[in-house]
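Peer 1: These are the residues of each chain, in order.
2 protein chains.
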Amino acid sequence: MMDDAMLAALREAVGAEQVADSRTARVTHAFDATQRRFLPDVVVYPNSTEEVAAIVRLAAERRVPVLPRGAGSGFSGGALPVQGGIVVVLTRMNRILEIDSRNLLAVVQPGVVTATLQDAVEAEGLFYPPDPASKAFSTLGGNIAECAGGPRCVKYGVTRDYVLGLTVVTPTGRVIRTGGRVVKNVVGYDLTRLFVGSEGTLGIVTEIILRLLPKPAARRTMLATFDSMGNAATAVSTIIRGKIIPATLEFMDASAIDCVRGVKDIALPPACQALLIIEVDGEEAQLGPELERICELLRPLGLLEATIAGNAAEAEAIWRVRRSVSPSLRQLGPDKFNEDIVVPRAQVPEMIRRLAEISARYGVPIINFGHAGDGNIHVNVMVDLGLPGMQARVDGALEDIFRNTVALGGAISGEHGIGMAKKPYIGLNLDADTLAVMRAVKQALDPLGIMNPGKIFPDDPENLRS
Amino acid sequence: MMDDAMLAALREAVGAEQVADSRTARVTHAFDATQRRFLPDVVVYPNSTEEVAAIVRLAAERRVPVLPRGAGSGFSGGALPVQGGIVVVLTRMNRILEIDSRNLLAVVQPGVVTATLQDAVEAEGLFYPPDPASKAFSTLGGNIAECAGGPRCVKYGVTRDYVLGLTVVTPTGRVIRTGGRVVKNVVGYDLTRLFVGSEGTLGIVTEIILRLLPKPAARRTMLATFDSMGNAATAVSTIIRGKIIPATLEFMDASAIDCVRGVKDIALPPACQALLIIEVDGEEAQLGPELERICELLRPLGLLEATIAGNAAEAEAIWRVRRSVSPSLRQLGPDKFNEDIVVPRAQVPEMIRRLAEISARYGVPIINFGHAGDGNIHVNVMVDLGLPGMQARVDGALEDIFRNTVALGGAISGEHGIGMAKKPYIGLNLDADTLAVMRAVKQALDPLGIMNPGKIFPDDPENLRS
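Chains S and H, in that order, give the protein sequences.
The first sequence maps to residues 1 to 466 in this note's numbering.
The second sequence maps to residues 1 to 466 in this note's numbering.
Bear in mind the hints are in silico, worked out from the structure with no lab data behind them.
Any given hint could be a false lead.
In silico SDA-like links for lysine to any residue, alpha-carbon gap of 20 Å or less [said to hold, decoys possible]:
id, chain 1, residue 1, chain 2, residue 2
1, S, Lys243, H, Pro216
2, H, Lys336, H, Phe31
3, S, Lys243, H, Phe31
Just so we're clear, the structure is a prediction, and the values are computed from it rather than from any experiment.
Taking the hints into account, I'd like the entire structure generated from these sequences.
Peer 2: Structural data, given as structure tokens:
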């Protein structure tokens with residue numbers, strides 16, 4: 001399908017130097033943060049909305065798959081060209097077009113790296129809260145495609161809550177503008193939020209209007225250790241019911257704590273079976289009293305120790321506990337299945353209990369940490385797929401995890417999206433009629449089925465697990 | 001189209017006592033808060049999701065218009081049966097099914113009155129922030145249909161920001177469930193927010209999962225008067241840049257202040273050309289210092305007087321200034337055109353200036369107040385339509401208002417929706433390709449075009465104003 005005429009047409013449309021079909025270019029755009037690879041036919045690096053529209057129109061004429069790509073840091077395979085086609089790399093469209101401090105908004109291109117925008121707005125006393133772990137390299141376009149989250153969501157919400165408007169090239173190559181420079185807007189359907197989290201299957205975002213906040217004046221960090229996950233989870237609810245919404249409320253369960261027990265300079269109480277990293281932000285003067293109130297609330301709840309960082313170095317030492325988990329995971333197995341389930345906040349301890357059962361049932365180590373404030377558990381299944389029968393055990397464990405997540409009222413993905421990694425399981429979470437409405441929306445916007453095909457929806461409705 | 005067989009089928013489906021086709025029943029469901037009337041053919045009062053689905057399936061079989069209705073308090077004609085058909089009144093589905101204080105959420109039926117839910121959750125120390133002016137009688141289903149706002153949105157956001165999940169009867173009579181009991185959720189497309197603000201044109205919401213917050217411990221109110229609208233608007237930006245986000249930031253311009261000059265017990269400085277009503281909420285101890293800081297910030301900005309309420313009665317006296325505007329409007333003309341435009345916050349003074357010009361140009365009084373924090377201006381055009389040529393002057397003024405709103409980067413509706421009142425103007429705000437995508441979504445979900453027909457989209461694309 002990618003014949004010489006198509007390549008020539010692409011070169012004609014956007015300039016030959018922006019089109020690459022070398023094996024090197026194709027291989028370097030074949031992967032993402034999952035461990036799968038699919039070669040695209042060609043890689044194109046547009047510089048403008050008009051160029052993206054020209055590419056998509058060519059793809060539509062020839063019925064060639066076309067898919068947007070940012071940094072390729074996604075965990076669900078959203079950027080993988082599973083049916084080949086044209087990968088539209090948006091990293092050259094990386095300009096911050098405007099920071100409007102009077103109206104608290106920024107206008108950016110999709111290739112801007114998340115942390116780059118954060119640094120730029122913070123230099124002006126402003127704040128863009130969403131902070132996915134990949135923020136040092138992930139792009140805002142990718143964040144929008146997946147509706148990225150991060151630790152600060154318990155207080156500040158997710159990417160969706162900061163997107164005011166979008167310019168989108170639709171799958172038929174038209175350019176539309178959704179939303180605008182205002183927070184309140186009820187003119188027609190909320191297409192902005194339809195595109196946020198649509199994983200590049202409904203169009204290619206080429207310009208973004210983002211809402212900003214004033215930067216909090218100060219931030220304080222504390223580490224609280226507990227004798228049980230149940231007590232740590234009760235602590236989370238108690239803090240929030242106590243009218244304090246921390247900026248972050250991260251947890252590690254016993255499995256994650258075991259991972260860091262041997263790490264140098266990390267000393268946790270022997271009885272510690274769960275811990276919370278709590279950050280509060282706001283006016284400097286109110287943070288000390290706020291942390292003291294949190295300590296008071298926690299003391300009756302099986303609190304072992306509470307450590308409040310007195311300075312940035314001490315805060316960094318607290319965060320090192322959390323960051324030491326991931327590097328130590330590989331000792332448990334070379335292959336990681338990183339899931340991001342979410343359950344109602346109060347169900348976190350029950351889900352952790354069930355995860356331990358599943359770990360035992362399938363004989364696979366499962367390490368859990370994540371965002372306790374919003375019930376978002378990062379479940380890491382660590383295995384060696386080289387061992388005979390291991391893939392089947394992993395598949396069984398994952399399906400069991402997702403079934404239990406849904407049974408507790410949760411969702412099988414809170415931040416990463418469905419992509420191709422979770423599409424066999426989406427039927428566990430959504431009934432057939434709800435999926436049918438989503439398919440109808442996809443069909444309405446992408447009648448040719450060329451925009452990032454093979455994602456979200458199960459390939460074969462008859463094989464849908466439900 | 002509403003023959004005896006159809007009526008019999010409806011009675012069969014939901015019970016005869018829930019179906020009314022008397023003239024009285026039809027007339028009392030022919031209106032909303034606009035001044036227009038359209039008789040429905042029949043009024044049905046379902047008690048459950050299943051009954052709603054049965055009604056919609058019958059409507060689909062017979063190609064009869066069907067439309068949901070809450071309290072009928074909308075300002076855009078969204079609940080008007082402009083093509084007759086079946087009005088589905090949801091006021092009997094008015095149960096609060098669950099208030100889950102551990103997970104900070106509520107599950108409700110669509111007929112619950114907004115204030116009823118607010119009172120119920122506040123009794124448990126919780127908080128549902130969206131507060132449309134109609135909250136004493138508007139229903140949550142209607143709030144969701146229009147994505148209702150209110151004064152508290154500057155800090156707390158709009159209805160959309162509190163809807164976690166929905167049960168919806170689609171226009172083909174299927175029951176789907178979107179979202180869920182979790183804040184983070186990226187499983188498939190964000191249908192929840194597609195339905196929020198869709199004005200009853202994509203389906204009938206029959207159950208709602210709402211996010212709650214802890215109730216703020218205390219609230220304080222102040223009144224600040226200014227020598228110009230420009231200074232009042234600068235004050236708004238200055239407060240927010242000063243890292244204080246008040247719970248409400250209401251303004252009145254000179255036109256609205258003139259309305260209340262003669263009202264008993266309201267004394268405003270003679271030089272007062274604009275005022276702000278500022279409410280802060282949170283921990284009791286921090287509110288005093290916060291209001292003092294606001295005063296400091298405002299003093300260099302043409303502040304005439306600042307009055308901080310010392311108790312509830314004084315706060316009530318401040319709010320009486322704002323509430324006295326509407327009753328006095330009718331002295332200016334018996335017919336009110338109440339528009340809810342929104343512009344980027346910093347453009348409020350320029351828009352107010354242009355509104356004064358438009359008022360002079362068409363010879364119609366225009367009174368403005370609203371939510372300064374989010375640029376949402378309630379524009380009240382007061383006329384006597386009995387005067388010859390007045391309708392044409394009003395039409396001219398409204399179109400001029402909407403054109404200027406869009407030119408300043410704004411939206412023609414921030415809270416009320418498009419309905420039928422603003423559909424001739426939607427083309428001013430959305431380009432043809434963007435509207436075409438919205439039409440495609442409508443067509444995908446409602447292929448028969450029976451769900452609340454005649455709303456949002458201009459009847460004749462050729463006559464689209466743009």
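Peer 1: What are the numbers of the hints that this structure violates, sorted from low to high?
Peer 2: Of the numbered hints given earlier, the structure breaks just one, which is hint 3.
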